[in-house]
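Go ahead and model the full structure; you've got the sequences and the hints to work with.
If you read the protein sequences in the order shown, they are chains S and C. To convert, take the position in the first sequence, counting from 1, and add 9; that gives the working numbering. To convert, take the position in the second sequence, counting from 1, and add 3; that gives the working numbering.
Read the hints as simulated data drawn from the structure, not as lab findings. Worth double-checking, as some hints may not be accurate.
What the hints assert, rightly or not - Here chain C is said to cover these stretches of chain S; the calculated rule only asks that three of the stretch's residues, wherever they fall, bring their Cβ under 8 Å from a Cβ of chain C:
1. 97–106
2. 141–153
3. 248–256
Built from N, CA and C at the ideal position, the CB exists for glycine as well.
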Amino acid sequence: MTDRSRSYSTEGIVLRRRNIGEADSILTLFSLHEGKFDAVARGVRKAKSRMRGHLEPLTRVQVHVARGRSLDVFTQAETIEAHRALKADLERMNLALYCAELADRFTIDRVEQRPIYELLVDVFHALDGGASAQAARYFELHLLAITGYEAQLDACAICRQKLPEEETLISGPAGGLVCRVCRPAASSGRILSVRAIKVLRYGRTATIDQFDSLRLDDALEHELRAALGDLVRPVLDRELNTTRYMDALERADRIPALSANHVQSDQSNPVPPEP
Amino acid sequence: MAEGSSTPEPIQRLVESFHRLPGIGPKSAQRLAYHILRTTEQEASALAQAILDVKQRIRLCSQCMNITESDPCGYCRDERRDRSVVCVVEQPLDVLAIERSGGYRGLYHVLHGVLSPMDGIGPEHIHIRELVVRLQAGEIQEVIMATNPSLEGEATAMYVQRLIGPAGVKVTRLARGLPSGADLEYTDDVTLARALEGRQEV
Ligand SMILES: [Zn+2]
Ligand SMILES: [Zn+2]
Numbered sequence: 010m011t012d013r014s015r016s017y018s019t020e021g022i023v024l025r026r027r028n029i030g031e032a033d034s035i036l037t038l039f040s041l042h043e044g045k046f047d048a049v050a051r052g053v054r055k056a057k058s059r060m061r062g063h064l065e066p067l068t069r070v071q072v073h074v075a076r077g078r079s080l081d082v083f084t085q086a087e088t089i090e091a092h093r094a095l096k097a098d099l100e101r102m103n104l105a106l107y108c109a110e111l112a113d114r115f116t117i118d119r120v121e122q123r124p125i126y127e128l129l130v131d132v133f134h135a136l137d138g139g140a141s142a143q144a145a146r147y148f149e150l151h152l153l154a155i156t157g158y159e160a161q162l163d164a165c166a167i168c169r170q171k172l173p174e175e176e177t178l179i180s181g182p183a184g185g186l187v188c189r190v191c192r193p194a195a196s197s198g199r200i201l202s203v204r205a206i207k208v209l210r211y212g213r214t215a216t217i218d219q220f221d222s223l224r225l226d227d228a229l230e231h232e233l234r235a236a237l238g239d240l241v242r243p244v245l246d247r248e249l250n251t252t253r254y255m256d257a258l259e260r261a262d263r264i265p266a267l268s269a270n271h272v273q274s275d276q277s278n279p280v281p282p283e284p
Numbered sequence: 004m005a006e007g008s009s010t011p012e013p014i015q016r017l018v019e020s021f022h023r024l025p026g027i028g029p030k031s032a033q034r035l036a037y038h039i040l041r042t043t044e045q046e047a048s049a050l051a052q053a054i055l056d057v058k059q060r061i062r063l064c065s066q067c068m069n070i071t072e073s074d075p076c077g078y079c080r081d082e083r084r085d086r087s088v089v090c091v092v093e094q095p096l097d098v099l100a101i102e103r104s105g106g107y108r109g110l111y112h113v114l115h116g117v118l119s120p121m122d123g124i125g126p127e128h129i130h131i132r133e134l135v136v137r138l139q140a141g142e143i144q145e146v147i148m149a150t151n152p153s154l155e156g157e158a159t160a161m162y163v164q165r166l167i168g169p170a171g172v173k174v175t176r177l178a179r180g181l182p183s184g185a186d187l188e189y190t191d192d193v194t195l196a197r198a199l200e201g202r203q204e205v
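Take a look at the structure:
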């Protein structure tokens, strides 16, 4: 697939967009055949651009790309799945962006990664169809497995002894569950309930629809989010932007909005520097 | 930058300053710096003063966050404008664009950015709080979200809706027609759907 012809076609999902110059954007596309790559979309921010709207983040798109000296150039783009419902819901949009950033961080440029690509397509499809945050948990669990960081859930991640059915420490650095004997050897971790362990084990073999249809209460959902976060974090070199963003939204939600006079405005009002 | 150590330090500094401006590459930065070198001292100090004035005399309107020399700004002071409607935009330049269209007589609110999950830009990085403060006064009945039809613009509009919708303020989104001159055939679904949703009786 990577012959050096002048152009190529592939389908992919737009992971990221950076605007450059007056009307151009550089997009990071996670593609089926070429893996992840950056390419420039010229004039895409102009109202008359034919590619405008097709090359938005989170869109699954069929593209035609011309090889360039430094950066390749998108010459055609047509939407396969716009994921319109997902983009019209703040929570699900955030979950999808989080999965997109994870996919970006777990892959390297120009290496075909079909299983990750197909997983991302499935997760976006599910989120677009109304799936909950469990879709993102499913993505984390399977992304770890595909990339060689499969969570150890059957035996102790340190001594490989079989685990009794009880609440158990789960440790990100150790890569899974840790038995009582090895607990002191795990540098960090949190205690996971039996229910949460069962849900994680089920998630390994379930389809995304089966996994999403599990009814989990808030406490359990929170437990799973924290545990999978612990497992993902050691693989990343730095914090995800989307995580920082979602934390900021949560902080802002705790500020009483229209109810109180807590909010004070800026006194000096300098013109803010560009972000 | 290929500016060798033989170049006098003040020129190097100027080249670097120009290079940091949007859209200015190393070659252009060099050209601009050497152009300044050839201008008269009056011209150079007029330019320097203009830059300083922008930084020292222009501030944000304490009400709408638009850039202004006097606070409150001209729009907020104008008694003929409709004080029950606020149009929320990303940048000061968007205010000018809407004014040019001539179809709007309400007030503005400038966010100075948009929520950008991919860059970690959250509500605390833009002027959303100040909008909430303005709404607390109770005079505003409708907030028109005029952020761009990008993912970030939509995220910002949805966030503001979630933040202030429950307080009984009406939040509307700028209706987006098809971009003029675009072929229907080449228009994406989202744009088409929006154009349909936002359709108006003629
Ligand atoms: Zn052990
Ligand atoms: Zn003002």
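Results of checking the hints against the structure:
Closer than 8 Å: that is the beta-carbon criterion, and the stretch 97–106 of chain S has 6 residues meeting it against chain C, so the requirement of 3 holds. For a cut-off of 8 Å, the count of residues in the stretch 141–153 of chain S with a CB near a CB of chain C stands at 0, and the three-residue condition is violated. Given as covered by chain C, the stretch 248–256 of chain S passes the check, having 6 residues with a CB less than 8 Å from a CB of that chain where 3 are the minimum.
Going through the hint list in order, the structure does not satisfy hint 2, though it satisfies all others.
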